[in-house]
Amino acid sequence: MSGIGARLGGLTRRGGSRSPASGQRLLFGLAAPALAILFAAALTSLVLAAAGDSPLAAFRAMVEFGADPASIVNILNKATTYYLSALAVAIGFKMNLFNIGVDGQYRLAAMLAAAVGGAVNLPGPLHVALVVVVAMLVGAAWAGIAGLLKVTRGVSEVISTIMLNFIATGVVAFLLSTDRLAVSIQGSNNIGTRPIPESGRIPGLALVPGTGGKVFGFIVIAALAGVAYSVLLNRTRFGFDLRTTGMSESAAVASGVNVKRMIVAAMLLSGAVAGLVGMPQLLGASYSYGLDFPAGLGFTGIAIALLGRNHPVGIAIGALLFSFLDVSSLILDFEDVPPEIVIIMQGVIVLSVVIAYELVRRYGLVQQQRRVGEQLAAEEPDSAGPGPAAPSDEVRA
Amino acid sequence: MTTTELERPIDPKLRRQSSLRLSGPILLLGVAALLLLLSVVRALTGVDSLTSSGTVNAALGLAVPIGMAGLGGLWAERAGVVNIGLEGMMILGTWFGGWAGYQWGPWVGLVAAVIGGALGGLIHAVATVSFGVDHIVSGVAINLLGAGATRYLSALAFEGVEGGGPTQSPRVANLPSFTVPGLSGVLGSVEDQRIVVVSDLAGIARGLVTNVSALTLIAVALVIGSFWVLWRTAFGLRLRSCGENPVAAESLGVNVYRYKYAAVVASGAFAGLGGAFLAIVAASLYREGQTGGRGYIGLAAMIFGNWRPGGLAAGAGLFGYTDALQLRGGNAVHALLLLVVVLLVGVTVWNLLQRRPVAAATGLVAAALLLWWFLATDAVPNQFTFFAPHLTTLLVLSLAAQRLRMPAADGQPYRRGQDR
Numbered sequence: 072m073s074g075i076g077a078r079l080g081g082l083t084r085r086g087g088s089r090s091p092a093s094g095q096r097l098l099f100g101l102a103a104p105a106l107a108i109l110f111a112a113a114l115t116s117l118v119l120a121a122a123g124d125s126p127l128a129a130f131r132a133m134v135e136f137g138a139d140p141a142s143i144v145n146i147l148n149k150a151t152t153y154y155l156s157a158l159a160v161a162i163g164f165k166m167n168l169f170n171i172g173v174d175g176q177y178r179l180a181a182m183l184a185a186a187v188g189g190a191v192n193l194p195g196p197l198h199v200a201l202v203v204v205v206a207m208l209v210g211a212a213w214a215g216i217a218g219l220l221k222v223t224r225g226v227s228e229v230i231s232t233i234m235l236n237f238i239a240t241g242v243v244a245f246l247l248s249t250d251r252l253a254v255s256i257q258g259s260n261n262i263g264t265r266p267i268p269e270s271g272r273i274p275g276l277a278l279v280p281g282t283g284g285k286v287f288g289f290i291v292i293a294a295l296a297g298v299a300y301s302v303l304l305n306r307t308r309f310g311f312d313l314r315t316t317g318m319s320e321s322a323a324v325a326s327g328v329n330v331k332r333m334i335v336a337a338m339l340l341s342g343a344v345a346g347l348v349g350m351p352q353l354l355g356a357s358y359s360y361g362l363d364f365p366a367g368l369g370f371t372g373i374a375i376a377l378l379g380r381n382h383p384v385g386i387a388i389g390a391l392l393f394s395f396l397d398v399s400s401l402i403l404d405f406e407d408v409p410p411e412i413v414i415i416m417q418g419v420i421v422l423s424v425v426i427a428y429e430l431v432r433r434y435g436l437v438q439q440q441r442r443v444g445e446q447l448a449a450e451e452p453d454s455a456g457p458g459p460a461a462p463s464d465e466v467r468a
Numbered sequence: 089m090t091t092t093e094l095e096r097p098i099d100p101k102l103r104r105q106s107s108l109r110l111s112g113p114i115l116l117l118g119v120a121a122l123l124l125l126l127s128v129v130r131a132l133t134g135v136d137s138l139t140s141s142g143t144v145n146a147a148l149g150l151a152v153p154i155g156m157a158g159l160g161g162l163w164a165e166r167a168g169v170v171n172i173g174l175e176g177m178m179i180l181g182t183w184f185g186g187w188a189g190y191q192w193g194p195w196v197g198l199v200a201a202v203i204g205g206a207l208g209g210l211i212h213a214v215a216t217v218s219f220g221v222d223h224i225v226s227g228v229a230i231n232l233l234g235a236g237a238t239r240y241l242s243a244l245a246f247e248g249v250e251g252g253g254p255t256q257s258p259r260v261a262n263l264p265s266f267t268v269p270g271l272s273g274v275l276g277s278v279e280d281q282r283i284v285v286v287s288d289l290a291g292i293a294r295g296l297v298t299n300v301s302a303l304t305l306i307a308v309a310l311v312i313g314s315f316w317v318l319w320r321t322a323f324g325l326r327l328r329s330c331g332e333n334p335v336a337a338e339s340l341g342v343n344v345y346r347y348k349y350a351a352v353v354a355s356g357a358f359a360g361l362g363g364a365f366l367a368i369v370a371a372s373l374y375r376e377g378q379t380g381g382r383g384y385i386g387l388a389a390m391i392f393g394n395w396r397p398g399g400l401a402a403g404a405g406l407f408g409y410t411d412a413l414q415l416r417g418g419n420a421v422h423a424l425l426l427l428v429v430v431l432l433v434g435v436t437v438w439n440l441l442q443r444r445p446v447a448a449a450t451g452l453v454a455a456a457l458l459l460w461w462f463l464a465t466d467a468v469p470n471q472f473t474f475f476a477p478h479l480t481t482l483l484v485l486s487l488a489a490q491r492l493r494m495p496a497a498d499g500q501p502y503r504r505g506q507d508r
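Keeping their order, the protein sequence lines are chains A and B. Residue numbers in the first sequence follow this note's numbering, run continuously in steps of one, and reach 468 at the last position. Residue numbers in the second sequence follow this note's numbering, run continuously in steps of one, and reach 508 at the last position.
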C-alpha cells in the first residue's frame, strides 16, 4: 500500500520545484489562492442568485457584521482552533502523511485532558501545563497508533486514521457518561466532565477595543506553535530530514534517514499538535468537555492546510478567512439566506485552490521546459557533448 | 517459459501462500463451518437473535448502502482513482432521493439520487483526472461540499413544506418489497422449533426471502453485474488496465481519461444509489447526517474484500450483520465475542501447524482476553459496538495488509504522454 503515500508527493514537491524567478513564483503563489477565492465567490453568487437572493446584499451584510468588534473576537477565537488544527495536518503533509485523524485525536485528547484537569487542583501555571501536556500526549498516542501500523504492518495512514476517528467517537461516547468521567451540568440536560477549577484556566485577552469580549489567551500559544513549526522545519536537522523524506523517500534513505522512525515521529508530532486543538475552547471558554464540544475541526484543518500550502503564515490567513466566513455567516439568517451557503463556499475554495495550484505548477513547468529548450538551442552549436539527457531529467523531477 | 523453469521446486514461502488461496470448495466449506459455529454459539448462549430471520433481514438491509458505497469505491479504484469522496456522494444521493422522492415518488427519487451521486463523481473526475489534483484532497473537499450543499439546499427546499424542515424532507413513499410466498411461512415454522443448525439455517434463509426491498435486489444484481462487466468484458479489462498501468493501456490505444471518467462517475452513481436506499427504503425520508460515515465503511468493506466484488459483498455483509446485532442490543454482540474467541483459537491452531509460534501466542492471548471479557460481563457497551466495523477493518488491515493487493497505479496521478 505504499502508493497511497507516494501520491501526496505533489503537495510538497510543488512548493520545492524551481521556477525561473522566485519573484514570479511568489506572484503565482499568491495569485492561485486569490483566483480560487474569487472563483468561489463567483460560484456562490450564482447559487445565491439562482435561489432568488441578492449576492451583493448577502456579502455586504457579512462584511459589515464581520467587522463588528464582537465578531472580530469570535473570528480570532475560532481562527485559533482552526490554526492549530491546520498546523497538525500540515506537519503530516510535509512528510507525505495524510493525517485525516486530527478530528478523533483532538476530541479524545480534549476529553481526557478535561477529565484530568477537573480532577486535580494545582497552582495556576502548573495546572494549565498539566492539562495541555495530557492533551498532547493523548493526541500523540492516538496518532501514533496509525504511525506504528504504517511502519510495522504497512497499513495506509489514510484508512487507519479514518477508522481511528470513528473509534475515538465511540470511546469518547463511552467515557462521557455519568457512570464514568462525566457529571450532569446544572440547568441543562447536557453532561460533561467535571469543570476545571479557576487555577487551570487561561484568562482571555482584551485585544479588541470596543467590546467586552475577550480573545482566548491560547492565541499566544497558537502563534508560538506556528513559530516553532517554522523553526523546526526550516532550521533543524529533524525538519530537514522530515522535508527530505516528504520530497523523496529514496533520497532520504540514501542520505541515511531512518524513514520508518521519521514516519512515527511525524505522526506523533502531528498528533501532539492535534491534541492542542481543543485547548483554546477548553481552557478559555467551556472549562469542561461536554456533549456540545465542537466537533469536525480536524476536517476544517485539512482544508486550511491545503489553502495555506502548509506555510505557517499561509495557514494563519486561511484560518482567519474560514473563521471569518463561519462567524459572519450568522447574520445571513436575518437576511433570509441559509448560512450554510458558506460551507459551499469553503468547499469550493478548497477544491479550486488545489486546482489553481496545479495549473500554476503546470504553467511553471512549461515555462521551465521552454527555458531549458532555449538554453539547449543556444548551446547546440559549440558543444554536442553533454547531450540533452541531464537537463531534461531536471525538468522531469 | 521453458521446461526447466516449470520443473523448478516451488519456493516453500510461495507454497505457504498458495495453500491459503480461497478456491470455490474451500470457500463453501468455510461458510458452512461458520454457519455451524454460529448456530452452536447461538445454542450455547441462548441469544436467538444471532441467527433469527429478523437479524438477517436487518443485516441485509444495512449491508446494501455499505455494499453500494464499496462498489463505488471498487469501480473508481479499479480505474486507479482513490475515492474518499464516497461519503459526500452518498450524502448527495440521500438528499436528492428524498427531494425527488417526496414529490414524484420513490422510483424518480432513486433516479435522482443516482444522478446526484454521479454529479459528485463528475466533480471528483474533473479534479483528479483532468486537473491531476491529489485524489484524497479532492475527496475530502467533496465530502465538505456534499455536506454543505445539502444543508443549504434543505433549508431552501424543505423549510415550510409540510412534514419537512431545515434538516429533513417530507416522507417518501417506500419502494415495493417482495416475500417469497409459502417458503417464508414454512421457514418461519421451522425457525420457531429452535433445533440446533436446522432452525438457524431456516432463520437465515427466511431473513433472505422475506420483505426484501426491490432496491436490495437491484443492489445484488449490480454487484454481480459489476463482476461480470469488470472481469468478463473488454470494457472491464480496459478499465482495470487504467488502474494497473495507465501508460501501457494508453500505448495499446485505450483512452485512459475517458475510462477514468466513466469509472469515477459510475462510482458516484453507486454511492448515490446507496444513499437512495438510506433515504427511501431505510428511513422513508431524507435526514441530515443520515449516512453516518457509511461511505467510509463502504471503502473499508472494499479494502476488506481485497478490491474484489465478492470480497466487498462479504465485507458489507459482515458490517451489516454487526450493525444489525448492535440494534438488537448489547447482549447479541456479547454472544458474538464467543464466536470470535472460537475463531481465534482456530487461527492459533492453524498458526501452530504452520510453525509460527509468535503469531500463535498472540492469537491465544487475544482469545484468552476476549474470553475473559465474555465471561466477566454480560453486555458489550453500545458505544463499542458502534465502531465494531471500523475496528474490524483496522484489524484486518493490520493482519493482512501484506496479502491485500490494490491496483498497481491506484491513486497515482496520470497525465497523457507523461511517463512517470
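It is possible that part of the hints are untrue.
Stated by the list, open to error - Stretch-level coverage of chain B by chain A, calculated; a stretch enters the list once three of its residues show a Cβ under 8 Å from a Cβ in chain A:
1. 145-151
2. 212-226
3. 385-394
No wet-lab data here; the hints were simulated from the structure. Quick caveat, the model's predicted, so the values are computed rather than measured. Built from N, CA and C at the ideal position, the CB exists for glycine as well.
Here's how the hints hold up against the structure:
1. 145-151: violated (count 0)
2. 212-226: holds (count 9)
3. 385-394: holds (count 3)
The structure does not agree with numbered hint 1 stated previously, though it agrees with all others.
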